[in-house]
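Participant: Sequence order for the protein chains is A and B.
Taking the numbering used here, the leading residue of the first sequence gets 1, the next gets one more, and so forth.
Taking the numbering used here, the leading residue of the second sequence gets 1, the next gets one more, and so forth.
Heads up, a few of these hints could be off.
A pair holds if it fits inside one copy or across any two, identical chains being indistinguishable in the list.
Derived DSS-like pairs (lysine-lysine); straight-line CA-CA distance at most 25 Å [what the hints assert, rightly or not]:
| no. | residue 1 | residue 2 |
| --- | --- | --- |
| 1 | 179 | 163 |
| 2 | 179 | 288 |
| 3 | 147 | 251 |
| 4 | 147 | 298 |
| 5 | 263 | 288 |
| 6 | 329 | 120 |
| 7 | 120 | 215 |
| 8 | 215 | 117 |
Hint data in this document are derived by calculation from the structure and do not stem from the laboratory.
2 protein chains.
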Amino acid sequence: MAVKTAIMGATGAVGAELLTLLEERNFPVGELRVLASHRSAGKKLKFKGEDITVQELTHDSFEGIDLVLASAGGSISREFAPSAVKAGAIVVDNTSEFRMTEGVPLVVPEVNPEAIKEHKGIIANPNCSTIIMVLPVFPIHKAFGVKRAVISTYQAASGAGAKAMQELLDETRAYLDNKPFERTVIPHPYAFNLFAHNSGMGDNGYCQEETKMVKETQKMFCEPNFRVTATCVRVPVLRAHSESLNLELEKDVSVEEVYEVLKAAEGVEILEDRAANRWPMPLDATSKDPVFVGRVRKDISQANTIEMWITGDQIRKGAALNAIQIAEKLFC
Amino acid sequence: MAVKTAIMGATGAVGAELLTLLEERNFPVGELRVLASHRSAGKKLKFKGEDITVQELTHDSFEGIDLVLASAGGSISREFAPSAVKAGAIVVDNTSEFRMTEGVPLVVPEVNPEAIKEHKGIIANPNCSTIIMVLPVFPIHKAFGVKRAVISTYQAASGAGAKAMQELLDETRAYLDNKPFERTVIPHPYAFNLFAHNSGMGDNGYCQEETKMVKETQKMFCEPNFRVTATCVRVPVLRAHSESLNLELEKDVSVEEVYEVLKAAEGVEILEDRAANRWPMPLDATSKDPVFVGRVRKDISQANTIEMWITGDQIRKGAALNAIQIAEKLFC
Numbered sequence: 001m002a003v004k005t006a007i008m009g010a011t012g013a014v015g016a017e018l019l020t021l022l023e024e025r026n027f028p029v030g031e032l033r034v035l036a037s038h039r040s041a042g043k044k045l046k047f048k049g050e051d052i053t054v055q056e057l058t059h060d061s062f063e064g065i066d067l068v069l070a071s072a073g074g075s076i077s078r079e080f081a082p083s084a085v086k087a088g089a090i091v092v093d094n095t096s097e098f099r100m101t102e103g104v105p106l107v108v109p110e111v112n113p114e115a116i117k118e119h120k121g122i123i124a125n126p127n128c129s130t131i132i133m134v135l136p137v138f139p140i141h142k143a144f145g146v147k148r149a150v151i152s153t154y155q156a157a158s159g160a161g162a163k164a165m166q167e168l169l170d171e172t173r174a175y176l177d178n179k180p181f182e183r184t185v186i187p188h189p190y191a192f193n194l195f196a197h198n199s200g201m202g203d204n205g206y207c208q209e210e211t212k213m214v215k216e217t218q219k220m221f222c223e224p225n226f227r228v229t230a231t232c233v234r235v236p237v238l239r240a241h242s243e244s245l246n247l248e249l250e251k252d253v254s255v256e257e258v259y260e261v262l263k264a265a266e267g268v269e270i271l272e273d274r275a276a277n278r279w280p281m282p283l284d285a286t287s288k289d290p291v292f293v294g295r296v297r298k299d300i301s302q303a304n305t306i307e308m309w310i311t312g313d314q315i316r317k318g319a320a321l322n323a324i325q326i327a328e329k330l331f332c
Numbered sequence: 001m002a003v004k005t006a007i008m009g010a011t012g013a014v015g016a017e018l019l020t021l022l023e024e025r026n027f028p029v030g031e032l033r034v035l036a037s038h039r040s041a042g043k044k045l046k047f048k049g050e051d052i053t054v055q056e057l058t059h060d061s062f063e064g065i066d067l068v069l070a071s072a073g074g075s076i077s078r079e080f081a082p083s084a085v086k087a088g089a090i091v092v093d094n095t096s097e098f099r100m101t102e103g104v105p106l107v108v109p110e111v112n113p114e115a116i117k118e119h120k121g122i123i124a125n126p127n128c129s130t131i132i133m134v135l136p137v138f139p140i141h142k143a144f145g146v147k148r149a150v151i152s153t154y155q156a157a158s159g160a161g162a163k164a165m166q167e168l169l170d171e172t173r174a175y176l177d178n179k180p181f182e183r184t185v186i187p188h189p190y191a192f193n194l195f196a197h198n199s200g201m202g203d204n205g206y207c208q209e210e211t212k213m214v215k216e217t218q219k220m221f222c223e224p225n226f227r228v229t230a231t232c233v234r235v236p237v238l239r240a241h242s243e244s245l246n247l248e249l250e251k252d253v254s255v256e257e258v259y260e261v262l263k264a265a266e267g268v269e270i271l272e273d274r275a276a277n278r279w280p281m282p283l284d285a286t287s288k289d290p291v292f293v294g295r296v297r298k299d300i301s302q303a304n305t306i307e308m309w310i311t312g313d314q315i316r317k318g319a320a321l322n323a324i325q326i327a328e329k330l331f332c
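Just need the whole structure built from these sequences, with the hints factored in.
Facilitator: Written out as structure tokens, the structure is:
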């Protein structure tokens with residue numbers, strides 16, 4: 001089957017990765033339409049060695065299209081996804097726009113693939129930090145029951161887009177050269193610095209990113225009372241998120257039992273060398289598919305509780321790869 | 001009173017900060033003897049505008065000395081601190097050598113100043129991550145009772161010394177210039193990367209840094225069963241540690257009550273602008289005395305639990321300042 005595919009937001013960091021992955025995974029792309037703002041229209045992008053011309057995104061862009069991979073931002077998805085659905089396409093949306101909308105499945109294929117079939121034209125891709133977290137947490141939850149999860153994140157620049165990655169590099173060079181630097185993307189000094197995630201702050205003191213990790217996990221697990229809290233932090237790393245996880249379980253479980261579950265878990269890879277004191281690092285995950293896990297240990301402060309450390313590529317499994325995997329479940 | 005003061009390890013990052021702080025705080029220094037390895041002997045250091053010549057550290061270095069500020073590493077303290085005590089000096093030791101030794105007070109002046117007077121010649125300065133954590137945690141514990149603390153750290157290069165800070169800068173420049181780089185201090189790629197704290201790994205899966213945070217807190221609080229767990233991570237930041245704290249309290253407490261306690265807490269400063277989404281960052285803490293606190297909120301995953309975010313200068317309050325404050329309690 002040849003899938004007539006459109007990419008919305010093809011010129012961004014996730015858009016570029018979508019093109020890479022469609023090619024790398026040999027997704028059965030029929031026609032490929034790359035859509036972006038008026039500003040980017042006419043640009044050439046490479047796909048399977050050929051030039052593809054970026055077209056301006058309009059409400060008429062979706063005629064004959066089977067699949068739309070959307071990553072142009074929430075307001076763009078809000079405006080154009082309904083037109084794509086009306087034209088008969090299925091939209092896999094990377095933005096936060098429809099994630100919590102009732103009737104829109106929110107899917108990580110390793111977690112809740114069964115939700116895909118309930119779609120009414122739109123399927124939402126979760127937030128990057130959520131995706132990376134649920135990959136190891138869901139199988140542990142299934143096996144042993146997670147009573148409560150306490151998360152702290154170490155998030156890369158890529159979550160704020162390709163321009164943020166470039167600004168981190170540019171600002172760092174300016175810092176090293178002792179030159180002034182004017183930030184236009186990231187609101188805080190970023191060279192050799194870090195800051196609480198700058199998404200909007202809620203009345204309860206949680207920022208949007210943290211609330212996404214909580215609410216999206218609850219939706220995917222179909223457990224509106226699943227207990228999870230998160231502190232989200234942006235660190236000067238380019239494109240892989242790391243997370244420190246503290247998981248209170250329903251029962252006493254050995255470290256070995258947890259490793260057994262993780263070894264069998266889809267999309268998860270254990271990466272550690274205990275003797276060499278070597279554990280997953282963001283550079284290990286960069287441009288890789290799995291979420292890498294290590295440092296599983298019993299929490300000495302509380303019974304039935306484990307600590308672990310994970311890292312996953314924000315652009316790939318945190319966004320583009322997850323979307324393509326959903327598309328594969330739909331069309332392959 | 002003029003205090004005849006010796007600095008062991010005067011040429012390191014903490015040694016340099018000790019000199020700065022002795023001058024800045026107008027500590028009543030009588031004679032000042034700066035001691036270092038044979039290799040550094042003869043070097044000149046500045047103190048109050050005058051050159052001081054580094055002397056080689058020997059067992060005879062302490063004659064007539066009242067106070068030794070030691071930060072040359074654990075093995076050096078092990079070898080030379082007893083000689084200093086024998087010569088009649090009091091040693092304030094920045095290394096981990098004597099921290100858990102019975103009879104050696106482990107002191108953060110804002111937490112347990114009363115322990116100072118029990119010394120038998122040596123007083124230990126806690127680990128930097130511990131000091132920064134207990135500054136806000138202790139007053140909250142006193143006010144409301146902390147049942148359990150879950151910590152994740154974001155630690156700066158300075159904790160591994162001045163050479164690690166320089167290596168982070170050098171490696172980052174090499175990365176930006178796409179040039180090869182040979183690390184000699186830090187065991188992992190550090191430019192735009194982070195890694196689990198590289199101190200030795202214990203059988204229980206906690207690294208030494210994490211175990212220090214647990215055991216040293218228990219010792220200072222005089223509560224050997226105080227429940228705390230930590231995940232320690234080295235991030236590409238130069239000299240301030242940040243920490244994400246999740247504190248389960250004995251009772252339900254409002255966010256305002258926690259802020260009241262923190263406002264009154266010695267050595268703690270609230271730094272935030274909720275409307276501007278602005279919270280403490282390591283660059284805020286760099287070369288500053290206080291531990292900066294913000295983002296206090298109720299944990300939505302569990303009753304009677306709060307989350308908060310802190311940052312403090314690793315070299316200053318995490319090491320040199322704390323040592324000088326102990327010395328001030330002894331001599332001023």
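Participant: Would you mind marking each hint as holding or not holding in the structure?
Facilitator: Do the hints match the structure? See the list:
no. : hint      : verdict
1   : 179 / 163 : both (20 Å within a copy, 23 Å between copies)
2   : 179 / 288 : between (35 Å within a copy, 23 Å between copies)
3   : 147 / 251 : both (9 Å within a copy, 20 Å between copies)
4   : 147 / 298 : both (15 Å within a copy, 18 Å between copies)
5   : 263 / 288 : within (17 Å within a copy, 45 Å between copies)
6   : 329 / 120 : within (15 Å within a copy, 70 Å between copies)
7   : 120 / 215 : within (21 Å within a copy, 55 Å between copies)
8   : 215 / 117 : within (21 Å within a copy, 52 Å between copies)
In summary, the structure agrees with every hint in the numbered list given earlier.
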